[in-house]
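Q: Sequence:
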Amino acid sequence: MLAVLIFLLYIAGRYVDNNTQTLTRELDVAYNLAVSGEYEQAKQAFQKAAQRSEENSPVWMLLIRRSLVDQLNQTLATIPSYVSAENVADLAVETARARTQAQQIRESFFSWF
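Taking UniProt numbering as reference, the numbering of the sequence shown is continuous, increasing by one, and the terminal residue is 113.
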């Protein structure tokens with residue numbers, strides 16, 4: 001029984017780690033697209049990252065405080081509105097906020113160990 005519990009915790013940890021790292025990479029790619037002036041592709045990439053986070057949210061909420069997941073999803077929902085030449089500074093701040101929130105989700109799960 002203990003072995004099953006350890007295995008499930010391992011699988012949950014891998015899930016959280018893999019998905020938060022993937023989200024962070026997607027945010028980096030989207031931000032770099034915006035900085036290079038490819039605004040439409042950047043907007044689509046940010047929307048894809050937000051969609052992936054929404055898809056992962058039900059599982060994350062079983063493992064992590066709901067407020068952290070909700071904050072991340074709210075931030076990700078607003079980022080596409082900052083994708084333009086005149087909002088690059090705001091986009092940088094919001095992207096950094098989303099990266100930090102993804103890191104907090106990861107740390108929140110692993111802080112139990």
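Hints in this document: simulated from the structure, not taken from any laboratory.
Everything numeric in this text was worked out from a predicted model, so none of it was measured.
Please note: incorrect hints may appear among the correct ones.
[Claimed, not checked] Computed spacing ranges between beta-carbons, pair by pair:
#	residue 1	residue 2	range
1	Asp17	Arg97	45 to 55 Å
2	Leu5	Val88	42 to 52 Å
3	Glu55	Ala96	16 to 26 Å
Where is the CB? At the ideal position from N, CA and C, for every residue including glycine.
Q: The structure should be examined with respect to each hint, and the outcome stated for every one.
A: Evaluated hints:
no.: 1; hint: Asp17 x Arg97: 45 to 55 Å; result: violated (20 Å)
no.: 2; hint: Leu5 x Val88: 42 to 52 Å; result: holds (47 Å)
no.: 3; hint: Glu55 x Ala96: 16 to 26 Å; result: holds (23 Å)
Consistency note: the structure conflicts with earlier hint 1 alone.
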